[in-house]
Amino acid sequence: MNEEQIDTVLRRALSPAPAMAARVAERALRQGGGSPQRRVGAIALGSLAVAGLLTLAILSPRPGSPARASEVYSVDGLVVGVSSTGTTWIVGPDAGVDADQTRMIVMRGEAQ
Amino acid sequence: MVHELSPRVIAYCRGLIRDVALAEDAAQDALAALVQRWRRKGAPRSPEAFVFAVARRRAVRAIVRRRLLAPFEAHAAPVTAPQPHLRAEQSSELERVLGAVSRLSRRDREALLLVAVAEMDYRDAASVLGVSLPALKMRVHRARQRLVAALDGGAP
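Residue numbers (my numbering), protein chains in the order written: chain A, 1 to 112; chain B, 1 to 156.
Because the hints were derived from the structure by calculation, they are not lab data.
Predicted model only: the values in this text are computed from it and were never measured.
Do not take every clue at face value.
Claimed, not checked - Only pairs whose alpha carbons sit at most 20 Å apart, straight line, appear in this in silico SDA-like list of lysine to any residue:
(1) B:K137 - B:R123
(2) B:K137 - B:D124
(3) B:K137 - B:R106
(4) B:K137 - A:L29
(5) B:K41 - A:D7
(6) B:K137 - A:N2
(7) B:K41 - B:V97
(8) B:K137 - A:D7
(9) B:K137 - A:E3
(10) B:K41 - A:L29
(11) B:K137 - A:R11
(12) B:K41 - A:T8
What the hints assert, rightly or not - So the derived label-pair ranges between C-beta atoms look like this:
(13) A:Q5 - B:V20: 22 to 28 Å
(14) B:S102 - A:E3: 18 to 24 Å
(15) A:A17 - B:R123: 27 to 33 Å
Ideal placement from N, C-alpha and C gives every residue a C-beta, glycine not left out.
This is chain B alone, in the form it adopts within the complex:
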């Protein structure tokens, strides 16, 4: 279960945070929370919904923490070397997609990432976000439209 969920949780966190290391940490925490929950109280009703709900909270914390620390890290952090293993083409596509995703509203972005990247069904995704099913479908539809427009060169 944990191995199966891992790539989807990482991808979801990466879409929210836009930082591979922070996304990896958030995903690990969420999966660990699932393991602990399972050991102590048995399986949650929907392990998938549980882990993505925790991942969402961890990602939000990571974003807030990064914003708080940004002024300090700008002075303290060493200059990071470019990642040579990434081909320029892949890196370019990643940046283009992440850039377009980041320009979506937070609500639309979360809904789209849960459905499209985390591959959750609509009902579970609505449960994670605490919204109704029709509201979630509307958000996903709107996000897809705007992302298509953005990636095709139009205004998002």
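If we strip away everything but chain A, and leave its shape as in the complex, we get:
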């Protein structure tokens, strides 16, 4: 094997299936385009957040499929909830901040 062939071998080994690549792209587009309405809901809910159980039902876009936060943290002024499915939510005053700045995922999972 020579150095030129190594790139081909790497790409062949690591390239995802087209279906996976399409799925990730679609999810990213949805995640990156969270609606302002959901952010307003998150800000309102943030003021209600207390240590303990927090219902995130109003953040769910699908009535009847509420997510519940099993853990609630306060991190650098943000209220962060972790749902029972492991999804992380930022529900504090800065819920609309850029995901790249916080390195956390805003309105991920069920809220998409």
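Assemble chain B onto chain A, guided by the hints.
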């Protein structure tokens, strides 16, 4: 743009993390960050460099998080079933390549994955890693040599 970048970002993250699910998450986050950036402030100077820089940070976070949680997951996680849809031959090659890549130094691995797998040009890849162009070229050249040696059965 997002659909075009998706397979390359996933492949890059997969090379760094060696975990398909975590790589998928990191790639999705990076692409979502690009979408948000584009919507709020317009296109970055190099969307490609932007998304791979974010993907790199997400991948590092995923690796750190996995290391932190590993002791707990060893007790809590169910035994995962083998992936029947993967042919043994493909799986074997993947493991062999990933194993060889993982034995490279972190610097060499990142440089090689950006150029060879993410198919970035050298200048953008150097920008993502924050190194000079000659330094990046040196890393990629060294990584290729070591990987060839490793995959051909020699010492990396």
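Cross-check of the supplied hints:
1. B:K137 - B:R123: holds (10 Å)
2. B:K137 - B:D124: Within the cut-off at roughly 12 Å; holds.
3. B:K137 - B:R106: It holds: about 15 Å lies between the C-alpha atoms, which stays within 20 Å.
4. B:K137 - A:L29: violated (33 Å)
5. B:K41 - A:D7: Violated. K41 (chain B) to D7 (chain A) sits at ~35 Å, over the 20 Å cutoff.
6. B:K137 - A:N2: holds (17 Å)
7. B:K41 - B:V97: violated (39 Å)
8. B:K137 - A:D7: Holds, at about 15 Å.
9. B:K137 - A:E3: holds (13 Å)
10. B:K41 - A:L29: Roughly 16 Å between the alpha carbons, so the hint for K41 (chain B) and L29 (chain A) holds.
11. B:K137 - A:R11: Holds, at about 19 Å.
12. B:K41 - A:T8: Roughly 36 Å between the alpha carbons, so the hint for K41 (chain B) and T8 (chain A) is violated.
13. A:Q5 - B:V20: 22 to 28 Å: With a Cβ separation near 24 Å, Q5 (chain A) and V20 (chain B) satisfy 22 to 28 Å, so the hint holds.
14. B:S102 - A:E3: 18 to 24 Å: Given about 19 Å between the Cβ atoms, the range holds.
15. A:A17 - B:R123: 27 to 33 Å: Given about 31 Å between the Cβ atoms, the range holds.
Consistency note: the structure conflicts with the earlier hints numbered 4, 5, 7, 12.
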